[in-house]
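**Q** As a plain string of letters, each chain reads:
There are 4 protein chains.
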Amino acid sequence: MKVSVIGASGYIGGELLRLLLQHPNIEVIAATSNQYKGDYIFNVHPNLRGYTSLKFSGHDEILSSDVIFLCLPHGIAMSHIDSYSQKAKYIIDLSSDFRIKDINQYYKWYKKKHEQPTWLPKFVSGIPEFYRESIEKANYIAIPGCMANASLMALMPLEKENVLGNHRIIIDAKTGSSGSGATPNLSNLHAQRSGTVRLFKSMGHRHEAELKQEINKDVQLTVTSVELVRGIQISAHVTFNREIQEKELWSIYRKYYNDEPFIRIIKQKKGLYRYPEPKILSGTNYCDIGFSLDQETGKHAVIISAIDNLVKGGAGNAVQVLNIVAGWDETLGLNFIGLHPI
Amino acid sequence: MKVSVIGASGYIGGELLRLLLQHPNIEVIAATSNQYKGDYIFNVHPNLRGYTSLKFSGHDEILSSDVIFLCLPHGIAMSHIDSYSQKAKYIIDLSSDFRIKDINQYYKWYKKKHEQPTWLPKFVSGIPEFYRESIEKANYIAIPGCMANASLMALMPLEKENVLGNHRIIIDAKTGSSGSGATPNLSNLHAQRSGTVRLFKSMGHRHEAELKQEINKDVQLTVTSVELVRGIQISAHVTFNREIQEKELWSIYRKYYNDEPFIRIIKQKKGLYRYPEPKILSGTNYCDIGFSLDQETGKHAVIISAIDNLVKGGAGNAVQVLNIVAGWDETLGLNFIGLHPI
Amino acid sequence: MKVSVIGASGYIGGELLRLLLQHPNIEVIAATSNQYKGDYIFNVHPNLRGYTSLKFSGHDEILSSDVIFLCLPHGIAMSHIDSYSQKAKYIIDLSSDFRIKDINQYYKWYKKKHEQPTWLPKFVSGIPEFYRESIEKANYIAIPGCMANASLMALMPLEKENVLGNHRIIIDAKTGSSGSGATPNLSNLHAQRSGTVRLFKSMGHRHEAELKQEINKDVQLTVTSVELVRGIQISAHVTFNREIQEKELWSIYRKYYNDEPFIRIIKQKKGLYRYPEPKILSGTNYCDIGFSLDQETGKHAVIISAIDNLVKGGAGNAVQVLNIVAGWDETLGLNFIGLHPI
Amino acid sequence: MKVSVIGASGYIGGELLRLLLQHPNIEVIAATSNQYKGDYIFNVHPNLRGYTSLKFSGHDEILSSDVIFLCLPHGIAMSHIDSYSQKAKYIIDLSSDFRIKDINQYYKWYKKKHEQPTWLPKFVSGIPEFYRESIEKANYIAIPGCMANASLMALMPLEKENVLGNHRIIIDAKTGSSGSGATPNLSNLHAQRSGTVRLFKSMGHRHEAELKQEINKDVQLTVTSVELVRGIQISAHVTFNREIQEKELWSIYRKYYNDEPFIRIIKQKKGLYRYPEPKILSGTNYCDIGFSLDQETGKHAVIISAIDNLVKGGAGNAVQVLNIVAGWDETLGLNFIGLHPI
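Chains as they are written, first to last, in this note's numbering: chain W, 0 to 341; chain E, 0 to 341; chain C, 0 to 341; chain A, 0 to 341.
Extracted from the complex, chain W is given alone in its bound form (with noise of 0.2 angstroms):
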């Protein structure tokens, strides 16, 4: 297959290149930046030396693809969306143009108006734990945000296992420097961001309007930046509407992801590395789910969950939704293993 990457000399942009060029099934044929169109894509991205002699096109210079990859800043997908749809069969979009349904949750959350309503029926959300089969058959996928993610995966079976209390959930994330970008400004800058512990959203993070998407309860998404370049950890507190035991969310978490190929459950009575942590997924596309039940009162729990937020939390959950399109098989392309230590 063919595929272009539109907005390939942000960070997402670069990890879609990493697993693009290795996969068997794909060509990239073109990679976009207006910033540094004309540059070889390795100048940006120095790890791709030697594995692509592409050099970064115009974001007008779009060519027809059977895969168009749209790694944009928030709000211009949607404006040149008629444009892309005309020079591939597939869109995959990695901004949040298209992630959420109700225009009127868009204009709250975004504070502007979607420009293209009539297309948000069009796509379906990229998350193929949950919507596999709807993916199957789709054109146009929006993937989801890296915190909503990895707050979903966590929190998904006990929704659909309706056993959540109506307290107030609390997702308390924490986040790597990656996640904010490529575009150097004070707060990414190393000598400030170093070494912190920064609490930049106490609530109504743009990710929770992700989460209510498919939560129906009350959700805090509360996040702060720590020393890491890669990684999310989300400790989700959590409340439950009856006494549960732990046998029983072994078993929901199981009947929902036992077959996932890229969610693992991480619950070890022994060793270091007993729950989720980011780290070691670095490059992976694992999302890794733990919990930690109060045997006391059978009541709370916190639900840990970990990954990379450019690879499942962007870039590779995006070549897994291409996998299923496509047909081929899911982890394709996707099977890194991890380095330890790091």
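Just so you know, the hints here were simulated from the structure itself, not pulled from any lab data.
One or more of the hints may lead you astray.
No distinction is drawn between identical chains; accordingly, a pair holds when it is met within one copy or between any pair of copies.
As the list claims (entries may be wrong) - Straight-line Cα separation of at most 27 angstroms, DSS-like style, residue types lysine-lysine; simulated pairs:
(1) K211 x K88
(2) K36 x K298
(3) K246 x K200
(4) K36 x K86
(5) K298 x K211
(6) K110 x K266
(7) K216 x K298
(8) K110 x K269
(9) K100 x K200
Assemble the complex: chain W is given as a structure, and chains E, C and A must be docked to it using the hints.
**A** Only chains E, C and A this time, still in chain W's reference frame:
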């Protein structure tokens, strides 16, 4: 005043020496360590080179002092408290041995019988912000645990003003590696600990016991190790028993902390450092406190606090307590500004 | 091919397992560790969860294999080499036991008598770039030390072209913490090791012995620990025996490395990554090489090389060597691109 | 004394404010920044909250002061030196404008004509250890560059004792990110800068010019960025013009530094901190110096020095210079011990 530090080769002990060696009214006459007995102190704490030519003595060579600081591992101080009390008028204990007033609670959390229950009522809680008057008259003071202290500073004003609801309070704490001490083991091996986001205690952390002694609510402390040497930041997710406005929250915190020399309320509308962050507190005795109210409901808030775990979370707090006991200016020897960037 | 890894619980052993478990032509039949005997491998190497259900066996339970990899501490392999050789046709040793050909040099650098001098000539030096033909025919191969390897890749072309002057060559190496192994001690305790710039060996590092075996010059290796888990970068400060032009340096390095699958010459005029850097090499088998000539004199240059110490500096190089020995494509199982950012 | 800081929003400016605000004999009357004019200083330097309620004024609002500190970008101070000199008796410049005495050298290294050659001889070199007597009588002082200062402290005793050989001296410097300033760009973006070992200047760094002004030898400065915010460590590889014994090296360094309040000779036989390391110097005005002699030849040595680039490499050195100029105790306001661990 002549002071001795028992158990001076660990990180809390070393930090205490740093503060005491520059304190204008204090002379350090002994620092003990069985492991490093006979070695120069600056061989273990290299920052002290040029500030003392003292060598470590053994734990059994305790001199008569005005004050003895105990920085021993948990469970040791209680065994020798009688003999310490014969050597010094004032004892300031930085271990957990005399923090929990109720021996049943002590047994529950530490899984051993308290050896000196008659000593427990003699010890005053070393929290200047809430027990200053008792400390002034005390001879024996128990310094609180680092995470308990950071959490109490965040929650005590709400508890005292009786605005907390009955829902479980979730304290999501992030901590650096110095808190796990100076003894090498697999969990603090650099290659394993570096860059981690490791939830190591989902609930039931021993510092919960200290919290529950002061806060009459259901409190859960979840602790995650992050890449950091010094520092703790906690996000306390609270609910109120009635609707609260931001103005009221401000006045509650101002009421308790306006005159406190080491508490700053951090709640900025702009800039990077809008909430408390531990990294700019390294070496200082500050506890910075901030909060974010859910304006939609007025019922939920995130309270954020940050400290240097070795200073306000231990050695600095102990010096502040001594300043109170001795009737000196409470900030004596504790006026370091903190570094930025770092 | 059936392979066994002896000493598989350390970092080099774990990295080797990561590479072997995904190698298409290899089956790992045993991994030994006396310390973790009976434990699942993924309890020690958490990244391998889902890739193997093998448990560690003891060092004395060695099975007949096609290949045995030895990842033991220095000085152990030589004691058992006779028995290993009865279990496998090919032995690839990653320790230092068979690297030094001259037993007097071995004694000088390792302060012990070599126990198996008759085995020394049977071992071929595991440097594919310079000993490929010997490796093809070898049964026993000694993988070079990580810093020796990085340094040799930088210097060998200059040595072979006879352009190096007689002045002492200064190799200033910067290294990550994984190189010091998986056994906790004070020097690799996170709070002590974090953020350090620690010169731990000014001269006389044992890898100098390996350098001097190949480079007939006065060579000094100065090693500094920096904040990093994986990776080595070396700056080799060389003088030439005549004036050299940049064009000639290019042609020297191209001559030796143009056809090498794992050597890239990195010397960019613009961009951030103008010279080799280890961080984008994590997990890859590359040795990136660059140089900067003193254009004013033509007599001095800095040669820079970077590797992942666990891959090209050990486990990856060993797999590359096995690919050569087995007659397979030399890059089999070694085609990971490397991550950016990381 | 009343002092003004011109260019106070950068990292050197902020560090200077930290030191001046706690200096017992100094009152800061103005701090300028065109970018942040009108903002509270503590919004930019969050560590200063509670220590000053001053706001930034514009560069053109300079008040009459006893002392003006100039922390402007290179090339700006010289344009306004006449007007500054009318506002203050003493000017202490932390930029590079008045460091190089020879205008031809200035042109060579800075690629622009010096605008104020007549001012050059009025400026004294701000190196207390070697120019204390000139500083005592000076009105205008130029503080040396951070890497030049660290290197000069290592080399000057050897130069003055005439023991250096003619071989090129290789200074391999490792530096933190704060040295590149507070303006965000791609090279100091956290995700790019984090965990790097980036050789960014192989030779020809501008601080070489300052070195060559003092050391009459062939000197090469190679600079590598490592993961660190504050701190510089240099390894200077020197050769001697005759055989030297360790005892002699000791006596050379003792001769020059025994009475220096901010130089410590670090050369331990045991322990972790055997040579100078920048991390325990954060916030201090120390320059730690150590050395390792090649005992076999007596002809080669590695001289190691470490500083906090913002303190002894800039702001702290400037305060030390002011203490000398004013006739105060040279250590006034500079007695912070340094943190460990950190």
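**Q** Hint by hint, note whether the structure agrees.
**A** Results for each hint:
1. K211 x K88: Neither: 30 angstroms inside a chain and 60 angstroms across chains, both beyond 27 angstroms.
2. K36 x K298: neither (56 angstroms within a copy, 39 angstroms between copies)
3. K246 x K200: Only across copies: K246 and K200 sit 20 angstroms apart there, 35 angstroms inside one copy, limit 27 angstroms.
4. K36 x K86: within (20 angstroms within a copy, 50 angstroms between copies)
5. K298 x K211: both (22 angstroms within a copy, 19 angstroms between copies)
6. K110 x K266: between (40 angstroms within a copy, 24 angstroms between copies)
7. K216 x K298: Classified as both: same-chain Cα gap 16 angstroms, cross-chain 16 angstroms, threshold 27 angstroms.
8. K110 x K269: between (47 angstroms within a copy, 20 angstroms between copies)
9. K100 x K200: within (24 angstroms within a copy, 38 angstroms between copies)
In this structure, the hints that do not hold are numbers 1, 2, in rising order.
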